Amino acid sequence: MNRQIKVLLSVFVILMLAIVVNLSWVQIFGASSIQGNGFNKRRLVQEYAIQRGDILTADGHQPLARSVDTGTEYRYQREYPLGALFAGVTGYDSWKYGRTGLEESFNDQLLGRGSKLTLRSLGNRLLGASKKGNSIVTTIDSRIQRTAMESLGNQVGAVVAMDPRTGAVLAMVTNPTYDPNVAVPSPGKDAQANQAQWDSYNADPSRPLFDRAINGLYPPGSSFKVVTGAAALDQGVVTADSPFDCAGKLVVNGYTIYDFNRKTHGNLNFEQAMVVSCNITFAQVGLRLGAPALVNYAQLFGFNKPLPFDLPTTASRIQSASTMDPVALASASFGQGEDLATPLQMASVAATVANGGEMVKPYLVDEVQDYNGKIVEQFQPQKLRRVIDQQTASTLTDIMVKVVTSGTGTAAQIDGVDVAGKTGTAEVGKGEPDAWFICFAPAKDPRVAVAVVVENGGEGGVTAAPIARNVLRTALRVQP
Amino acid sequence: MFLGFISVQLAIAGKVVPGQLVYPAVAAAVFILLHIVMRVFVPGADGLLLPIAAALTFLGLVMIYRLDSKLAFDQLIWIGVAAACFILVIVFLRKYESLSQYKYILGLTAVALLMSTMFVGKEVNGARLWLQIGPLHFQPSELAKVLLVIFLAAFFAEKHELLTVSTHRVLGVPVPELKYFIPLMLMWGVSVAIMIFQKDLGSSLLFFGIFICMVYAATSRKGYVVVGVVLFALGAYLCFLTFSHVQLRFTTWLHPFNPTTIQNKSYQISQSLFALSSGGASGSGLGLGHPNFIPSVTTDFIFSAVGEELGLLGASAIVLMYVLMVARGIKVALSHRDDFGKLLAVGLVSIIAIQSFLIMGGVTRLIPLTGITLPFMSYGGSSLFANFILLALLIVLSHRGATTNVASIKQGGKR
Numbered sequence: 003m004n005r006q007i008k009v010l011l012s013v014f015v016i017l018m019l020a021i022v023v024n025l026s027w028v029q030i031f032g033a034s035s036i037q038g039n040g041f042n043k044r045r046l047v048q049e050y051a052i053q054r055g056d057i058l059t060a061d062g063h064q065p066l067a068r069s070v071d072t073g074t075e076y077r078y079q080r081e082y083p084l085g086a087l088f089a090g091v092t093g094y095d096s097w098k099y100g101r102t103g104l105e106e107s108f109n110d111q112l113l114g115r116g117s118k119l120t121l122r123s124l125g126n127r128l129l130g131a132s133k134k135g136n137s138i139v140t141t142i143d144s145r146i147q148r149t150a151m152e153s154l155g156n157q158v159g160a161v162v163a164m165d166p167r168t169g170a171v172l173a174m175v176t177n178p179t180y181d182p183n184v185a186v187p188s189p190g191k192d193a194q195a196n197q198a199q200w201d202s203y204n205a206d207p208s209r210p211l212f213d214r215a216i217n218g219l220y221p222p223g224s225s226f227k228v229v230t231g232a233a234a235l236d237q238g239v240v241t242a243d244s245p246f247d248c249a250g251k252l253v254v255n256g257y258t259i260y261d262f263n264r265k266t267h268g269n270l271n272f273e274q275a276m277v278v279s280c281n282i283t284f285a286q287v288g289l290r291l292g293a294p295a296l297v298n299y300a301q302l303f304g305f306n307k308p309l310p311f312d313l314p315t316t317a318s319r320i321q322s323a324s325t326m327d328p329v330a331l332a333s334a335s336f337g338q339g340e341d342l343a344t345p346l347q348m349a350s351v352a353a354t355v356a357n358g359g360e361m362v363k364p365y366l367v368d369e370v371q372d373y374n375g376k377i378v379e380q381f382q383p384q385k386l387r388r389v390i391d392q393q394t395a396s397t398l399t400d401i402m403v404k405v406v407t408s409g410t411g412t413a414a415q416i417d418g419v420d421v422a423g424k425t426g427t428a429e430v431g432k433g434e435p436d437a438w439f440i441c442f443a444p445a446k447d448p449r450v451a452v453a454v455v456v457e458n459g460g461e462g463g464v465t466a467a468p469i470a471r472n473v474l475r476t477a478l479r480v481q482p
Numbered sequence: 052m053f054l055g056f057i058s059v060q061l062a063i064a065g066k067v068v069p070g071q072l073v074y075p076a077v078a079a080a081v082f083i084l085l086h087i088v089m090r091v092f093v094p095g096a097d098g099l100l101l102p103i104a105a106a107l108t109f110l111g112l113v114m115i116y117r118l119d120s121k122l123a124f125d126q127l128i129w130i131g132v133a134a135a136c137f138i139l140v141i142v143f144l145r146k147y148e149s150l151s152q153y154k155y156i157l158g159l160t161a162v163a164l165l166m167s168t169m170f171v172g173k174e175v176n177g178a179r180l181w182l183q184i185g186p187l188h189f190q191p192s193e194l195a196k197v198l199l200v201i202f203l204a205a206f207f208a209e210k211h212e213l214l215t216v217s218t219h220r221v222l223g224v225p226v227p228e229l230k231y232f233i234p235l236m237l238m239w240g241v242s243v244a245i246m247i248f249q250k251d252l253g254s255s256l257l258f259f260g261i262f263i264c265m266v267y268a269a270t271s272r273k274g275y276v277v278v279g280v281v282l283f284a285l286g287a288y289l290c291f292l293t294f295s296h297v298q299l300r301f302t303t304w305l306h307p308f309n310p311t312t313i314q315n316k317s318y319q320i321s322q323s324l325f326a327l328s329s330g331g332a333s334g335s336g337l338g339l340g341h342p343n344f345i346p347s348v349t350t351d352f353i354f355s356a357v358g359e360e361l362g363l364l365g366a367s368a369i370v371l372m373y374v375l376m377v378a379r380g381i382k383v384a385l386s387h388r389d390d391f392g393k394l395l396a397v398g399l400v401s402i403i404a405i406q407s408f409l410i411m412g413g414v415t416r417l418i419p420l421t422g423i424t425l426p427f428m429s430y431g432g433s434s435l436f437a438n439f440i441l442l443a444l445l446i447v448l449s450h451r452g453a454t455t456n457v458a459s460i461k462q463g464g465k466r
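Respectively, the protein sequence lines represent chains A and B.
The working numbering numbers the first residue of the first sequence as 3 and each following residue consecutively.
The working numbering numbers the first residue of the second sequence as 52 and each following residue consecutively.
Keep in mind that the hints were calculated from the coordinates and are not lab data.
Since the structure is predicted, the reported quantities are computational estimates derived from the model, not experimental observations.
Just to be clear, a hint being listed does not mean it is correct.
Looking from chain A toward chain B, a few residues come up when the C-beta cut is under 8 Å (computed) [what the hints assert, rightly or not]:
id	residue
1	GLN6
2	ILE7
3	LEU10
4	VAL15
5	ASN24
6	SER26
7	VAL28
8	GLN29
9	GLN37
10	PHE41
11	ARG44
12	VAL47
Pair ranges (Cβ atoms, derived) [to be verified]:
id	chain 1	residue 1	chain 2	residue 2	range
13	B	GLY274	A	GLN37	18 to 28 Å
14	A	ASP192	B	GLN314	22 to 32 Å
15	B	GLN314	A	PRO468	47 to 57 Å
16	A	VAL15	B	LEU339	53 to 63 Å
17	B	PHE248	A	SER26	33 to 43 Å
18	B	VAL280	A	LEU19	38 to 48 Å
19	A	ASP71	B	TRP304	53 to 63 Å
20	A	SER26	B	LEU339	19 to 29 Å
Here are the simulated PhoX-like cross-link-like pairs (lysine-lysine), alpha carbons at most 20 Å apart as the crow flies [stated by the list, open to error]:
id	chain 1	residue 1	chain 2	residue 2
21	A	LYS43	B	LYS316
22	A	LYS43	A	LYS98
23	A	LYS385	A	LYS363
24	A	LYS307	A	LYS376
25	B	LYS382	A	LYS8
26	B	LYS250	B	LYS316
27	B	LYS273	A	LYS8
28	A	LYS376	A	LYS133
29	A	LYS133	A	LYS43
Glycine is no exception: its CB is placed at the ideal position from the N, C-alpha and C atoms.
Hey, can you work out the whole structure from these sequences and the hints?
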């Protein structure tokens with residue numbers, strides 16, 4: 003009998019050994035593949051155990067997003083005190099719907115991950131601060147942001163304002179928009195109402211979750227004449243005084259192009275053509291310039307590539323030179339044809355001219371602070387490239403000032419300040435044209451550049467220019 | 052254990068709550084008392100069995116306190132009740148041989164206990180395992196397994212010569228007469244009945260496993276083992292074809308992460324695996340993991356909680372403790388000279404070995420999951436009660452084994 007009992011012992015020991023072998027696979031060797039499973043709640047719980055840092059405005063460090071201790075499984079959840087006003091900037095951070103906006107692109111900083119290991123950060127970690135993320139200070143000024151949103155009112159569109167000297171984005175508004183608080187199903191909220199609201203955002207044909215300021219593609223219309231004009235002046239194809247003749251239409255390769263509203267401008271020079279926004283003149287300018295030069299300048303301004311930014315952007319588009327026949331070239335020269343631009347792109351065009359022809363990288367985050375308010379990372383303005391000569395920029399600025407003093411952009415005038423601007427009225431497939439206005443001020447020493455687009459807003463000088471003027475006015479008052 | 056309690060308090064409340072250190076103090080006092088009782092009444096007893104059981108019980112209590120501090124109070128009371136039974140067994144059953152006289156009564160009681168839930172049982176988590184007496188829930192299968200082992204040990208001790216007599220030969224292999232297969236068939240019937248009527252795969256497997264171990268030890272006939280395993284496999288396969296809850300166990304075992312079942316049917320096992328995988332080698336630390344995501348973590352899945360918070364090292368230590376306990380139990384069986392004592396020890400050890408293997412293997416996905424408790428560690432009165440009686444019997448046996456050996460050496464007996 004003893005032999006059998008010993009056999010049983012061996013069997014039991016082997017079985018137990020099998021458990022340990024299997025456990026070492028589950029816990030060590032295969033652990034990462036098990037943990038990576040999307041249904042593993044632990045990952046989320048660990049992430050939400052960290053007190054995510056705040057997102058702050060440039061003016062007075064007002065919180066745009068902050069963490070609230072819910073005391074539940076997903077411990078720290080987001081709250082957006084200014085709600086919809088900053089939805090396009092902050093985005094949302096939700097265990098249910100994921101992340102967008104700065105919440106997504108600065109996730110690592112907000113969670114306090116991956117920051118450089120310094121003596122202080124090591125000290126913080128030892129003191130338990132690894133559960134606290136870093137805060138980010140944006141370049142957005144809440145006063146300019148609010149003005150932009152209020153001026154846009156209930157019109158569909160977007161406004162981008164930036165400091166042309168640094169590229170700091172001062173306001174970035176898109177409408178219609180959404181309340182990011184709805185994305186956070188934190189305890190204490192009516193879960194059903196929340197879900198219903200979220201579903202209606204998704205179902206809404208006006209797409210409130212879509213950020214028009216950086217991802218909306220619109221035909222730029224006449225606002226693109228700043229690009230064409232910059233190219234032509236920079237290449238020496240025209241001067242401000244170059245004479246042109248506008249017969250109200252132009253036949254290119256047997257195809258007739260008409261001016262906006264079939265208007266005839268008669269004899270005028272290049273400067274006057276910009277001031278009255280004559281399409282026929284710019285078609286001729288484009289044809290003189292040639293497709294390769296026009297496309298090249300547009301690309302120098304940033305077209306055909308997503309603009310480098312703190313949020314993912316959509317690339318503005320211009321047809322490639324090789325496929326651009328004279329008809330396409332003529333239309334592209336005044337911002338129609340296949341040209342498409344985002345409001346951020348057109349704000350960058352205005353800013354580049356304002357900055358004497360040198361393009362700076364637009365940015366949204368100024369600095370990263372640890373939970374004590376100590377600066378962990380400071381972002382410096384970045385020069386991207388010289389797009390046009392200083393001289394060209396200065397000539398173009400003078401012309402754009404005249405657009406506002408005596409041309410299509412008079413609605414953007416501000417007492418005591420020279421505003422340089424350009425209107426755009428872009429014909430679209432259906433309905434009223436999209437209204438554009440791009441501008442900067444003061445013309446001599448620009449501190450603010452603005453781009454406004456109103457979908458189906460009609461004429462740029464009528465709809466978009468007053469919005470731009472409001473934004474400029476507020477920005478000039480608050481911006482040193 | 053005190054350290055465990057303090058670290059749990061630090062991790063969860065951020066401070067030490069001295070008042071609640073009464074839990075480990077009481078538990079420690081209980082085991083010191085048990086040790087004294089053991090020294091006084093059964094001085095020749097194995098010195099390792101009680102400390103191992105104590106270590107497992109303490110660790111279980113710490114984990115339960117960490118998971119749900121209210122349950123820890125109940126568990127402490129159950130430890131007290133179980134300890135009282137332990138003392139009763141040590142004091143009054145030192146002459147364990149008398150048990151063999153009542154083998155049929157005990158056997159019938161075991162069967163009655165098992166069957167009782169089929170008629171008046173309460174269904175919990177899809178299995179009929181519980182008897183409700185007033186506010187108390189009792190799981191009769193826990194006690195039944197000990198009674199059954201006593202019965203089987205007595206039965207085989209008396210009849211094993213008969214069972215080994217073989218008059219037939221099939222394909223040259225000596226096979227006992229057909230009528231001696233009757234107990235095997237009966238046991239098989241009981242196991243399958245449990246599987247069918249109580250939907251309790253764990254107990255079914257456990258009972259049959261114990262039976263096979265004891266038959267093998269008693270008769271040394273591999274034929275019984277082979278026939279038994281084949282029969283059980285057949286029964287299990289038929290159940291698999293017929294019953295969805297059996298199928299479910301298999302499919303969730305094979306595909307725990309199937310996206311269509313992971314949020315419902317395979318939720319438990321997948322949560323257990325997530326917990327274990329997050330533990331790594333040294334674990335998250337007591338109170339710092341999230342074992343509460345696993346349903347019934349204080350009972351069946353307590354091993355996963357250990358794996359998450361104490362890591363592979365902690366979990367392996369637990370496994371090692373069961374191995375040690377089983378090895379000491381086997382030593383007791385080997386040291387005995389009478390068949391009843393030997394078989395009783397083998398049976399009791401088999402309970403611990405098979406039950407701990409089934410549940411530890413189940414929650415780690417080594418084998419399909421069957422819901423049974425982890426001896427000494429899991430939360431629950433019935434389980435602690437039965438396991439402490441089991442432990443007490445084993446300790447009595449170890450005392451008698453040791454003293455009879457000493458006696459036989461003194462007498463110059465040959466063995």
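The hints, checked one at a time:
1. GLN6: Since the shortest Cβ distance to chain B is 5 Å, the answer is holds.
2. ILE7: Since the shortest Cβ distance to chain B is 5 Å, the answer is holds.
3. LEU10: With a closest approach of 6 Å, the LEU10 (chain A) hint holds.
4. VAL15: holds, 6 Å
5. ASN24: holds, 4 Å
6. SER26: holds, 6 Å
7. VAL28: VAL28 (chain A) check passes; min Cβ-Cβ to chain B is 5 Å, inside 8 Å.
8. GLN29: holds, 4 Å
9. GLN37: This interface hint holds because 5 Å falls under the 8 Å limit.
10. PHE41: holds, 5 Å
11. ARG44: holds, 5 Å
12. VAL47: Since the shortest Cβ distance to chain B is 6 Å, the answer is holds.
13. B:GLY274 with A:GLN37: 18 to 28 Å: violated, 47 Å
14. A:ASP192 with B:GLN314: 22 to 32 Å: This hint holds: roughly 24 Å between Cβ atoms.
15. B:GLN314 with A:PRO468: 47 to 57 Å: Once the Cβ atoms are compared, 54 Å apart, the range 47 to 57 Å for PRO468 (chain A) and GLN314 (chain B) holds.
16. A:VAL15 with B:LEU339: 53 to 63 Å: This hint is violated: roughly 33 Å between Cβ atoms.
17. B:PHE248 with A:SER26: 33 to 43 Å: holds, 38 Å
18. B:VAL280 with A:LEU19: 38 to 48 Å: This hint is violated: roughly 21 Å between Cβ atoms.
19. A:ASP71 with B:TRP304: 53 to 63 Å: violated, 40 Å
20. A:SER26 with B:LEU339: 19 to 29 Å: About 21 Å separates the Cβ atoms of SER26 (chain A) and LEU339 (chain B), which means 19 to 29 Å holds.
21. A:LYS43 with B:LYS316: Between LYS43 (chain A) and LYS316 (chain B) the Cα gap is close to 17 Å, so the pair holds against 20 Å.
22. A:LYS43 with A:LYS98: The given pair, whose Cα atoms are some 12 Å apart, holds under the 20 Å limit.
23. A:LYS385 with A:LYS363: Satisfied, since the Cα-Cα distance of roughly 6 Å is no more than 20 Å.
24. A:LYS307 with A:LYS376: Violated, at roughly 36 Å.
25. B:LYS382 with A:LYS8: holds, 9 Å
26. B:LYS250 with B:LYS316: Holds, at roughly 16 Å.
27. B:LYS273 with A:LYS8: Satisfied, since the Cα-Cα distance of roughly 15 Å is no more than 20 Å.
28. A:LYS376 with A:LYS133: Distance ~17 Å between LYS376 (chain A) and LYS133 (chain A) Cα, so the pair holds.
29. A:LYS133 with A:LYS43: Holds. LYS133 (chain A) to LYS43 (chain A) sits at ~18 Å (cutoff 20 Å).
Consistency with the previously given hints fails for numbers 13, 16, 18, 19 and 24, ordered from lowest to highest.
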